[in-house]
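Listed below, chain by chain, are the residues.
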Amino acid sequence: MSFLSSVYAYLFYFAVFVLLAGLINKVVQYARTPAPLKIPTTPAPTTRTGVALRMTREVVFFESLFRGNKWIWIFGWIFHFGLFLVTLRHLRYFLDPVPVWIQFIQPFGVYGGIAMVVGLAGLWARRFLVDRVRYITALSDHLILVLLLTIGVSGLLMRFVAHTDIMRVKEFFQGLYVGQVSTLPGDPLLMLHLLLVAVLMIIFPYSKLLHAPGLFFSPSRNQADNPRERRHLANWARRLEQE
Amino acid sequence: MAKADFQVPELKQYAEIPEIEPGVMAHSAPYKSKEDFQLPLGFPGQLVDDWQDKAINKMGDLLGKYRSLRVYLDSCVKCGSCTDKCHYYLGTKDPKNMPVGRQDLMRKVYRRYFTLAGKFFPNLVGAEDFTEEVLNDWYSYFHQCSQCRRCSVFCPYGIDTAEISMAAREIMDHIGVGQKYCNEIIGKVYKIGNNLGLPGPALADTLEGLEEDVFDETGVEVKYPLDVEGVDILMVTPSADFFAEPHVDGLIGYGKVFHEAGVSWTLSSYASEAANFGMFIGSYENMRRVAMRIREAAIKLKVKRIVFGECGHAWRVAYSFLNTLAGPWDFLDQRYPIPQHICEFTYDLLKQGKLNLDKSQNDDMVLTYHDSCNVARASRMGDKPGGQFDIPRALIRASCNHFYDMDEETIRDRTFCCGGGGGLLTDDLMEIRVKGAQPRVEALNNVMQEKGVTHMAAICAICKSQFTKVLPYYGMDMDQIVSVHQLVSNALILTGQTTDDDDEEDAADEAA
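Line order of the protein sequences matches chains A and B. Following this note's numbering, the residues of the first sequence are numbered contiguously, the last one being 243. Following this note's numbering, the residues of the second sequence are numbered contiguously, the last one being 1512.
Here chain B stands alone, though its shape is the one from the complex (with noise of 0.2 angstroms):
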């Protein structure tokens, strides 16, 4: 078990709300990105002399900028739906957790900067100034949500608390307190191309070693290519998929699916990277920046399809804001969606019966799924709403044969985050990460013990490099958690490939 210098949740048979415990977590806040993460973002380097006056100027420009936030501002009745529906809540009992008390520490201050009774009146609605204590809180609690939507999908009113926290960053950015995390991970991929700032190189040699191991367990020369001009299709993934178990085990599975389709593809070392913190620090600006690159690369490379790897948020950016941030796409092949979802494109193929796959490969495991948050509240997958549920576990249900889901309040649209989205995954966060994903971790452990389950699989970078780190913490293994492709590339069977059944026919074949 992972030592921790804080107190880990206990797992319950059964959801329990916890009282609140105001103030519990007022200390937990990631370090402060300095001048080098904040100026290549177009932010002040420090906090700015009149921050204040700054920081209200650039609250009433996104009030004139997004209506989400306006609107979201106004509305809410305190009704209190939402207060036990956050995974941070139920995690660490600190009501600045629950949507709602999240929420109002921005809505305290728009109530008493822009509104008539907060300007007049602000004992009786709860406004109040916008002091270094708020912004204290603000630093501190808005590092605190995962931008998962969990929240909006029960309020009345749609209210989602990520558009207040993507808000609150982009304000606080603007005043030069920005989170070093993100910000230094933006400019990575301004520099270098990918998150991990992972040079072209490097790709090079991994995808090659790639290549030699797929040959080597199977006898097929499946190519893993990079920055090939004139394919059919680029394909982005996450950048952890070129470096860190389960990821890669996905992308070999990626390769394999394309293989088996008989199309020509690349990735780019360019725009080798997914996942777009831009949506984070809710930068419209750096959030196109990033977006930019991927269009850049698919006009260099002449490429006809997009495709994009298993990753959560940068799955939201693609299906919802890509054609907005880096369209049109008048110059890709129209007879398929613009992007693709790596888990559409093998689903079809899978349709066709163009797939060979065998069950008894992933004998050893018993699997659940977990539905990362932002694929399942802020996107799509195929024709139908709801696709971004089912595909993922058809292709789950044609790898494996023992698949039990989650509890059904647990998955689906009702999904909790692993803990660590929305920009959260990073060390100097652990503690929040751990609590936060004792929603996820109680359901997985009943399914365990009811079940069997064995392993939990995922379609989101950040969802197994979290769980990888915080499974350890609760007395279970940081390889329970495995990506789909990887179920997918296990019970792959490509055409032409040695299988072990083979073998023993040409021992016994010897052996007459």
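In isolation and in its complexed conformation, chain A is listed as follows (with noise of 0.2 angstroms):
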């Protein structure tokens, strides 16, 4: 087993290596990247502040998506707030001590596990039941859904069904941060839970799920509607009018 746990640590440090490196030279790219024109999707705020709220509202409460089609909205939001629960949960395995909030939303980690593969199954079957939908998928789209209800079921099943030793876990984790390799329990479920996990995190800058860096990016949304105010001018435009 210790020859597997090696591997695993190895796998751990290079998922986290590529999932920072990626994002940040997405993000930064992203951010040097100009927007030439004022396009905020109108009516949008006027000020900053209004557009923190717009944002604020997308990233919690999805409003756009609510606005667009009711069926994807609600699976799609309990799919997230289920996963953001379940990585709540799951903090205490990686800090010590655990801090009091975190053991406070243990249960609800666990709630918000079953919530996310509720919403993962649903947005699934849309890519069958919907012939609109159905068309726009590729297999990349459900190989991503197969990965997060893989790693949602497996994690449930550690719950419910075939206990893990988890103080081991946690000892794996903790040692990482030192560059030490402790043995992992030898339970399939948790190789498995923790090798999908590292794929996520792999995949995560080279794929759609760029959409979560990518919504505070986007200009429709992220822009305040000020044009006749404030003059807007993006650095390659500045060098057509020395022409």
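Honestly, the hints are just simulated from the structure, not real lab data. Relax, there's no trap hidden among the hints.
Listed next, the in silico EDC-like pairs over lysine to aspartate or glutamate satisfying Cα-Cα at most 16 angstroms (straight line):
no., chain 1, residue 1, chain 2, residue 2
1, A, Lys70, B, Asp1084
2, B, Lys1351, B, Asp1390
3, B, Lys1384, A, Glu229
4, B, Lys1012, B, Asp1407
5, A, Lys70, B, Glu1409
6, B, Lys1012, B, Glu1450
7, B, Lys1093, A, Asp131
8, B, Lys1058, B, Glu1285
9, B, Lys1451, B, Asp1363
10, B, Lys1003, B, Asp1427
11, A, Lys170, A, Asp96
12, B, Lys1032, B, Asp1427
Given the structure is predicted, the values throughout are model-derived calculations rather than measurements.
Make one complex out of these two single chains by using the hints.
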């Protein structure tokens, strides 16, 4: 088991590196690319504060999606909110001592896990049942759903059916902070769960999962509606004026 | 009913989302541009030899210049929220007219050449080489998008297909595959000053005719000045206003409103066009060149203010881009919005009580209002977000007694495009124009049945031209579309105007 533990240790080092480096690279690219014209989808807020509120509504409530399609909204929101709770619940494996509020939300994390799987199942069903969505679905869209579903289901199975030695899992990750490889419990479900989480981290910066940072850089959502009041000019466009 | 060599969609009582029918609109493509129309805009005259490399290079260039393009191509999760929002999908059932289907035509090429996943696993992520077949699809389907932004309202990331179709047209122009309609028109603006190619003397003639008409009708000398220096306001309006019904009735209205306001104003023969087709073809350089004409005219005519007439995408370019493209406007009077929409101007007068409006003059009509897409989703009027919906409605309500809105799902920021925007207002695209108008005409038809609506007002030259042409395909009359300032004009009693009532009184006096 110690060999496999080493493999997993390096896998997670690699995954964290790819996730961080890839995301930073993308965020820097987005931030550096100019938006030469004012294109907020109107009616839009006229102030930065207003924009922050609009963005908060998009991030927390998926406002535009709510207006667009109630089914996608309900499944999508259940999935994302569930995933959020699950992530908070998992922080206890990575923090020592565990903060009180993380201890408090532990049971909600379990409901979050169930919600996440339900939401994903709904979203996947749409890919088969709605002809328009079936048409736009690529193989990768199915695979990402399979990946997330398997992560969710394997996690729930470890909670409700085949427990693993969670203290040793925590020791393993705590060890990684200081370059020490502790032995992981040899449960197949755990191995599968961890492997897929690492895969998810690795593909994040190279797939449609980029929608997460993308939203914050979307000009139609993050620009204030004030073009008459303030002149907006990109650097490359400024050069045209000097010609 | 107008004759069609294609099937005109049926109008239903309740909007239906059709099942997909792949490829049914693949044959629709506008006439290609030729050398004469390409070169003046700085584009190659015909398909260049190494078009594939050139196109990919241009795409890379645009990815570095437009954050929207980069973020939108990366971010789509294929959720499906946009799939039933495009009027062209609803009217044609072709899945490549679903916003995401249209975006994917570019996204698959982007993934192939610019992403790791697409380079190594093209089949997995649906990446494809930029083949001739793909180019043909681009030409066909990126000219079935009117850049109306309805999809961007419902996208959880605000992905705006207009940004993508503009980029696609810019790329195609750079390899010599341009669209005749747009590029020929932009050339006319450079050469003559407006889209319709109306030279100065023709404009002067038209305006003189209008002065006579208004005098005959009202007994008041309302002026329609051209190229007058040192006046307060430069009026920039779509050239259709000089030319066709119902546009010209709007222009008559602007003149009457200016007359009542007591301001001096002029049109310019040099900048005799509010429209800016540079936006449709996604060319910043050409859009800027067209916009600069307005700056030059404003300087030359020494005006203090700029007001725009009724035109949808022109107002987008004016409101959202003019400061960027042709600013700074430090030489104009800063107490007024720069630029200002004629509806804002008229609304201010209305609030000050300076307009004497007799609503009964429009009693022969029961009205509804079509929110033009670019005004609704890409601009504003007044101080508050949403003024672009409320101000034109306030003008209509002040000018007529009978007004009913169409279904909420189809107005304000959820309005449907007329079907002719974005550079598609050409006869060689009649099929897509008629089919794309279906969702709007359906909503109009319902409010006609339920409320007895007879006319639909709009503030966009393209909308007006488009409905004039397509309404007959649906068994309606071409004159059911009217200008907002036509209604204002009908209702406005000018100071010193001889009215019918006066005539009657005179007659009564004589009889006595």
